[in-house]
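Visitor: Listed below are the residues making up each chain.
There are 2 protein chains.
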Amino acid sequence: MDEIDARNQRQQPDAGHLRDYLAALLGNDGRLIVASNRGPLSFSRTKAGEWQAKRGSGGLVTALVELGRLAPVTWVSAAMDRDDRAASAALASGNGTQRALLDLIRRELPGQDLRLDMRPIAGEAWQRHYGIVSNPFLWFVQHQLFTLHYEPTVDDRLINAWQHGYRVVNELIAEAVLEHAQGQRRPVVLLQDYHLYLAAANIRAERPDALILHFNHIPWPAVDSWLVLPQGLRRAICEGLLANDIVGLQTDRYATNFLHSVEAFVRDAEVDPDGRHVRWRGRTIWVRAYPISIEPDALAAFARSPAVERRKAELRARLERAGNPKLIVRVDRLEPSKNALRGFIAFENLLKRRPELRKSVRFLAVQSVSRPDLSDYAKYAAAVREVVARVNGMADPDQAPIWLLDGSDYDLAIAALSLADVVLVNPVVDGMNLVAKEAAVVSRAALVLSETAGAAEQLASDALMVSAADVSGTAEMLERALEMPADERLGRVRRLRASVRDEDLQWWLTRQLRDLAAVSRGRRPPSRALRDTIRKFEPTLPG
Amino acid sequence: MDEIDARNQRQQPDAGHLRDYLAALLGNDGRLIVASNRGPLSFSRTKAGEWQAKRGSGGLVTALVELGRLAPVTWVSAAMDRDDRAASAALASGNGTQRALLDLIRRELPGQDLRLDMRPIAGEAWQRHYGIVSNPFLWFVQHQLFTLHYEPTVDDRLINAWQHGYRVVNELIAEAVLEHAQGQRRPVVLLQDYHLYLAAANIRAERPDALILHFNHIPWPAVDSWLVLPQGLRRAICEGLLANDIVGLQTDRYATNFLHSVEAFVRDAEVDPDGRHVRWRGRTIWVRAYPISIEPDALAAFARSPAVERRKAELRARLERAGNPKLIVRVDRLEPSKNALRGFIAFENLLKRRPELRKSVRFLAVQSVSRPDLSDYAKYAAAVREVVARVNGMADPDQAPIWLLDGSDYDLAIAALSLADVVLVNPVVDGMNLVAKEAAVVSRAALVLSETAGAAEQLASDALMVSAADVSGTAEMLERALEMPADERLGRVRRLRASVRDEDLQWWLTRQLRDLAAVSRGRRPPSRALRDTIRKFEPTLPG
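Which chain is which? The protein sequence lines are E and S, in order.
Following this note's numbering, the numbering of the first sequence begins with 1 at its first residue and continues without gaps.
Following this note's numbering, the numbering of the second sequence begins with 1001 at its first residue and continues without gaps.
The following block holds chain E by itself, in its conformation from the complex (with noise of 0.2 Å):
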């Protein structure tokens, strides 16, 4: 442990209070249900036939799942694809590959009170669903990719998949939630994201009495952006979301966004935006801001792993050739949302400013491919790539300024991230951003963040700021960044690594459940607006 993390010490996060409110939620026989398009487990078969399960990655998973451990969890998810929709088949089988595939779950889900409902979903409807709504098109309004005078074309074949695909799914998962929820005396829901914007109201229309709460893990942009939605749809997602107690959102911004857009489209609700509730047909439903975030011990503890020393061994070989030159680094999906197109422009206009740094510093990208069937982000993809090539030229690779690393290698990536002595994370929309935060754990770096992260709602005050789309501010935040005297950058990283350590993953699940126990008591939910973003920083120009 380094003298950052020895200072930090303090009490661990205990699971005392999160046990508490699990256990005034859900009394004595109760199980909590979770549903989200993507279950915890994907499973597939060997050609032996032998099943096999994989874990998803990613923050909603590893959260979630540790609730199995502190109280009887039902998850509901959908099948994915062939051999998750014949494990759901023989999960409810009661044969002994149900026994076979229980035993896999225990083992990849050690010591958890977990049942999987994965639900099959008829290939069309799937397709309609994920195919055609949430991806391509929820998920591009909500990081605002579309150019508006080209895209999206709202034709018949989008209002159709709306009707037979995304609906449908919605209603699916909302009966298995249904049928979790029989005999329960109040059923408590978590709902995750954006596939499931409906699912709520076909909960609801049954069970009136059922606590839920949907949490939204990509950003609610502003009501221009859903402007692109023919009224019927965005009325629809709107008053999906009212039939839960409480909305939450990753940042205040977008739960400020969400106020103005209920206003907006929702003809009979009534919008507090300073009490951050609604008022409709009777319900008060309350918008919250749940940041998600990491678990920084673990993070730690793998930064020092054999797997992570090795990486770390061969980078800095590769440093020291380079004759141990400043390190630079991102850690991204190469996709249009992320920005690393920006970023190496920002790079490159340093170096023409500065060409002296051409020598002393490298920028090290780690980047892993994102959806290159989606011609959108292979030709971001190339346009990336033409920028390195431009700035590095004919140099040799250690010679080169700019060095792009395979970002699929996690063991890399968190290599390079306890290198570096400036982390460039500068998305143009990106509901949190957990590289941000990663960084604040296991490196010493100077973070450039940009103000469209949602990370940058927390880590705003020890960052430095810059706006996405500023090439020019970026690349003088670059240059403050590697001139930071050192007391300056370690005073930073202190206070980001304590700011990420004081509001970790099981915060953010501990704040949801305190506040979903204060609405089964009646009580107005205690977390209230979190902080002001953007305003908290100063601008980089006079004015």
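Hints in this document: simulated from the structure, not taken from any laboratory.
Heads up, a few of these hints could be off.
Said to hold, decoys possible - Below, a list of computed lysine to aspartate or glutamate pairs in the DMTMM-like style, where the Cα atoms sit at most 25 Å apart: (1) E/K326 with E/D268; (2) E/K379 with S/E1386; (3) S/K1359 with E/D398; (4) S/K1379 with E/E386; (5) E/K352 with S/D1155; (6) E/K359 with S/D1155; (7) S/K1359 with E/D156; (8) E/K379 with S/E1479; (9) E/K359 with S/D1156.
To be verified - Now the in silico label distances, taken between C-beta atoms and shown as ranges: (10) E/R480 with S/E1050: 56 to 64 Å; (11) S/R1333 with E/R480: 38 to 46 Å; (12) S/E1108 with E/P355: 56 to 64 Å; (13) S/S1408 with E/G131: 43 to 51 Å.
Just so it is clear, the structure is predicted and the values come from calculations on it, not from any experiment.
All C-beta atoms in this analysis are idealised placements derived from N, C-alpha and C, irrespective of residue type, glycine included.
Please build the complex by placing chain S on the supplied structure of chain E, with the hints as guidance.
Guide: Showing chain S alone in chain E's frame:
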């Protein structure tokens, strides 16, 4: 006068109120000061050296030059080109050319006490202001025309253009305003549009007593869209506008977006969204919507003029050759924000579903070319032509479903609107859109209107409303419009026309001066939120 106009017959809005407000504001010897980027006249010289003046088109000039009949007006603007600069120098010279130019101004703008002050701007500053900041950047940001993951790139060139172009022009215009304000008891200043966001701050610094209203002709998008600007720029813009007494926007939605922007970007501002004002540094700034309009009587008279009648006869003859089909009309510049592309695709979808309409309907687009030098615009125009070619195939011109005619011919545009059965106005983003209001005055057509046209706030209840991206819904509304029973259609036209007659160009101006007069007496400006657009019309989809 047809029977619809006869029913609408009412007291013409008289100029009495306007004159009263002007008298109250200006006292005995004051002159109203108007400042805009472009002045009401642009000057040129024939080869023989003779001076000519051309009156600007558009609502701004039309509206504001009328002020000169009611009160003494001084109009400050930038000299747009070499001839303007020469005219500007000559006007200040006191020689024979000065007299010739003054005669020219009196001839073009008769019966007015109007003094023009065109300020010369150094060519480089002008190019930076106009060619880098205002048009390719601010106009694009405010019309949401950027593909966010590629554009804009805020680089040193833009920052430099801001500091040494935009700022300079604003200072020069403010300086001119201050010169004219000298000796005035309490100068009254009307600032126009997005070229002059900073001018009020310069004026206020010297004349804390000035009454200043800034009216913005283009949209004010949500906070999300402004995040592409560096902090310093967006704060400077908001603070510049807060130096006014009243900030006027085209619609309530833009006014709301402006209030949210101030809340997000100006650290020490207290925003009261319901009271529609801001408290900042000891002053109160009122935010109001003044939807710009047209002159219905003048337009109705023009629509009966011989030039327009000739065009109507030509069109009628062509329609007869085509077998007297029904007529859908659109009139606009061929540019991305106007959304011709989705309009034609919607028409194509309708023809696929109802092939018999190929015989009985024509879609006449009166379109003018816009900025063909901008590659975005050229690419968009090519995409539009491709759809038109696909729909028309090899049909002979009169039998082709889509007719493209030259939109630079205003006689033709008004003739086409006059003969239309359906008028389609479906911009993705549009500050106001006066074609929708012109159609209400000259045609008996059903109006299909997108909610993202500023005019939607006024016209939503009697137009057929669509979401601009919703090709499916647009096709449906075109069909409904074509088949609308005559009595329903005429009822809608009657109400649309009455609304446009009530809220005409003089009403636009009167409300601004009434509000300024209230502020001058220390009262709250009486104009409040006008109406609630987006919730006003029913969904086209069953939830």
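Visitor: It remains to establish, for every hint, whether it holds in the given structure.
Guide: Right, here's what the structure says about each hint:
The straight-line distance between the Cα atoms of E/K326 and E/D268 is roughly 58 Å, outside the 25 Å bound, and the hint therefore fails. For the hint linking E/K379 to S/E1386, the alpha-carbon distance of about 22 Å falls within 25 Å, and the restraint holds. Among the hinted pairs, S/K1359 with E/D398 is inconsistent with the structure: their alpha-carbon atoms are about 69 Å apart, more than 25 Å. Of the pairs offered as hints, the one joining S/K1379 and E/E386 holds, with about 22 Å between alpha carbons and a cut-off of 25 Å not exceeded.
Distance hint between E/K352 and S/D1155 is fulfilled; the C-alpha atoms sit about 13 Å from each other, no more than 25 Å. At most 25 Å may separate the alpha-carbon atoms for a hinted pair to count; E/K359 and S/D1155 meet this at roughly 24 Å. Taking the CA atoms of S/K1359 and E/D156, the gap is about 24 Å. The hint holds against a cut of 25 Å. The straight-line distance between the Cα atoms of E/K379 and S/E1479 is roughly 38 Å, outside the 25 Å bound, and the hint therefore fails.
For the suggested pair E/K359 and S/D1156, the alpha carbons sit about 24 Å apart, so the restraint of at most 25 Å is met. Restraint check, E/R480 to S/E1050: a C-beta distance of roughly 59 Å satisfies the suggested window 56 to 64 Å. Taking the beta carbon of each, S/R1333 and E/R480 are about 44 Å apart, inside 38 to 46 Å as hinted. For the pair S/E1108 and E/P355, the supplied restraint of 56 to 64 Å holds, since their beta-carbon distance comes to about 57 Å.
Restraint check, S/S1408 to E/G131: a C-beta distance of roughly 45 Å satisfies the suggested window 43 to 51 Å.
This entry does not satisfy hints 1, 3 and 8, going by the numbered hints stated previously.
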